[in-house]
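Sequences listed follow chains A and B, in order. Each position in the first sequence, counted from 1, maps to that position plus 205 in our numbering. Each position in the second sequence, counted from 1, maps to that position plus 205 in our numbering.
Any given hint might turn out to be false.
Copies of the same chain look alike in the list, so a pair counts if it works inside one copy or between any two.
The calculated lysine-lysine pairs, modelled on DSSO-like cross-linking and capped at a C-alpha distance of 30 Å, are [unchecked claim]:
| no. | residue 1 | residue 2 |
| --- | --- | --- |
| 1 | Lys350 | Lys214 |
| 2 | Lys353 | Lys214 |
| 3 | Lys334 | Lys353 |
| 4 | Lys350 | Lys334 |
Hint data in this document are derived by calculation from the structure and do not stem from the laboratory.
What follows is the residue order along each chain.
There are 2 protein chains.
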Amino acid sequence: MHRLLILSKHAAAYRALIDAARLPDLEIAGASDDRVEIVFGEPSLIRPELPRLTAVRWVQSTWAGVEPLLDASLRRDYTLTNARGVFGPLMTEYVFGYMLAHERRMFEKLASQQSGRWDPSPPGTLRGKTIGLIGVGTIGAALAKTAKHFGMHVKGYTRASATCADVDAYFHGDDRLAFAVDLDYLVSIAPDTSRTRRLVDAALLAALPARAVFVNPGRGAIVDEQALAAALQANRLAGAVLDVFEQEPLPPDHVFWRTPNVVITSHTAALSVPSDIAPLFVENYRRFAAGQPLRFLVNFEDEY
Amino acid sequence: MHRLLILSKHAAAYRALIDAARLPDLEIAGASDDRVEIVFGEPSLIRPELPRLTAVRWVQSTWAGVEPLLDASLRRDYTLTNARGVFGPLMTEYVFGYMLAHERRMFEKLASQQSGRWDPSPPGTLRGKTIGLIGVGTIGAALAKTAKHFGMHVKGYTRASATCADVDAYFHGDDRLAFAVDLDYLVSIAPDTSRTRRLVDAALLAALPARAVFVNPGRGAIVDEQALAAALQANRLAGAVLDVFEQEPLPPDHVFWRTPNVVITSHTAALSVPSDIAPLFVENYRRFAAGQPLRFLVNFEDEY
Numbered sequence: 206m207h208r209l210l211i212l213s214k215h216a217a218a219y220r221a222l223i224d225a226a227r228l229p230d231l232e233i234a235g236a237s238d239d240r241v242e243i244v245f246g247e248p249s250l251i252r253p254e255l256p257r258l259t260a261v262r263w264v265q266s267t268w269a270g271v272e273p274l275l276d277a278s279l280r281r282d283y284t285l286t287n288a289r290g291v292f293g294p295l296m297t298e299y300v301f302g303y304m305l306a307h308e309r310r311m312f313e314k315l316a317s318q319q320s321g322r323w324d325p326s327p328p329g330t331l332r333g334k335t336i337g338l339i340g341v342g343t344i345g346a347a348l349a350k351t352a353k354h355f356g357m358h359v360k361g362y363t364r365a366s367a368t369c370a371d372v373d374a375y376f377h378g379d380d381r382l383a384f385a386v387d388l389d390y391l392v393s394i395a396p397d398t399s400r401t402r403r404l405v406d407a408a409l410l411a412a413l414p415a416r417a418v419f420v421n422p423g424r425g426a427i428v429d430e431q432a433l434a435a436a437l438q439a440n441r442l443a444g445a446v447l448d449v450f451e452q453e454p455l456p457p458d459h460v461f462w463r464t465p466n467v468v469i470t471s472h473t474a475a476l477s478v479p480s481d482i483a484p485l486f487v488e489n490y491r492r493f494a495a496g497q498p499l500r501f502l503v504n505f506e507d508e509y
Numbered sequence: 206m207h208r209l210l211i212l213s214k215h216a217a218a219y220r221a222l223i224d225a226a227r228l229p230d231l232e233i234a235g236a237s238d239d240r241v242e243i244v245f246g247e248p249s250l251i252r253p254e255l256p257r258l259t260a261v262r263w264v265q266s267t268w269a270g271v272e273p274l275l276d277a278s279l280r281r282d283y284t285l286t287n288a289r290g291v292f293g294p295l296m297t298e299y300v301f302g303y304m305l306a307h308e309r310r311m312f313e314k315l316a317s318q319q320s321g322r323w324d325p326s327p328p329g330t331l332r333g334k335t336i337g338l339i340g341v342g343t344i345g346a347a348l349a350k351t352a353k354h355f356g357m358h359v360k361g362y363t364r365a366s367a368t369c370a371d372v373d374a375y376f377h378g379d380d381r382l383a384f385a386v387d388l389d390y391l392v393s394i395a396p397d398t399s400r401t402r403r404l405v406d407a408a409l410l411a412a413l414p415a416r417a418v419f420v421n422p423g424r425g426a427i428v429d430e431q432a433l434a435a436a437l438q439a440n441r442l443a444g445a446v447l448d449v450f451e452q453e454p455l456p457p458d459h460v461f462w463r464t465p466n467v468v469i470t471s472h473t474a475a476l477s478v479p480s481d482i483a484p485l486f487v488e489n490y491r492r493f494a495a496g497q498p499l500r501f502l503v504n505f506e507d508e509y
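Hey, can you work out the whole structure from these sequences and the hints?
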């Protein structure tokens, strides 16, 4: 019998979905049970419990990002898996929704309407524009495919991979300024690792054309927030659509609340929905119980 | 030598593009030349000139809609062609941009941001939703293809055609309430004809679910505007995104300016851009000069 501890703000929903799957040899354990072998939940809730869970062999994260569990002070004597493959469609709706809002001048047209003004000013189009993706995993591939659907050029900046056929040109390592130089949209869906931290810094922002918009539904630590605010205030960048921040909720005195052309979406770009995430646990549990390799393995050294 | 009269607010741009194409046996005529054989331009500008253009054999519209030239009092002793096949991408960006804005609650989140409030309320998704298209020509087919890309169900209401593979279910004639009954989005891209006028009336609006949003980048005459305003005011409909109206510009005292959940986009959904439209004229002129059948023929009886 394998003992599972669920540590999630959606624990009741996950419990119901797991019960419904009738998994063999599985027992859902109480929070104080020290024989827990498996933990399923949000990394932020798991982190404080990890030291006392001495019997744990496998942790399945409900999130894609597992930063809370990567702290060097924490044990790594278990298998860590994250949520993958389910966020592509939601991320695509977020990124293309806000890019289209920019092209169609939706917020300006809303202001015209609110002042009772017929506003025939012409909108733009995504067609022929260039999108640059920082990170081309499953989410980046979904974005690249949709970009092609809308007739865009696609550039990808990755650590090493260059396998997505919808990416027209790949850039790596020191090539980040060549990657940035002609972008209409810069979109970051990279994980937060020591190699991506502050990748979008003053130099990269300066390399972007002034018409460019930065869209960040990935991780806040990838961008130098003060440099981004300065670029926007000086009109050296057309806009920023930000879902994630160094500190969340964004503090009331943060410069972004009063920076022009910033859109703040409060970390809602691709929420982990129990009905999407529970099947990942169910599939991995069947592998775990059968002694097979798990899917969605996190490499502690790679940090994702 | 064929004499061409250009009647367009973009006449200079069209003249430059036509000159650049170096078309054989073509001379651009002045407005008073009564030997004009070909007219190229906006139907609203052509209409008042039509009676005196006694030598005209072919009129190429820069618009898709040719209603001004269909008035029964006007001559029909010439070939009328319109603009087709170029508006699909722009219409797609408009319709999906505003549907995503609705799902992502963009305007509510903007209001939260403007009041300095972190707003983690969850957005919706297009995935699994149902879109109903009134009219499935080239524009409707482009919308249906994009709807499939976003994982939507697609219903089509047409006069008779049922040829687009991306439409899951077709409806015709008296089936319009069965067409409407489970839609999340109702999108009209039908031409303005005697058969489409007031197709979206109080009965059809009442058949829609209260969660539905009506998107109209087609023609204003398709909808009963008073019935639409009443449905929105009573919350029997979630929203309306309106590009076209019975009277344009929308009069300052029109009820839509103060109807809740209406978005007004001032007839900018798919503007006729000279660089898109001139090639249609160039292609058709080569056919005209060679005595071949023209493309994009309007049937005066069908009204499109």
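Failing hints, ascending?
Hints 1, 2 contradicted; others consistent.
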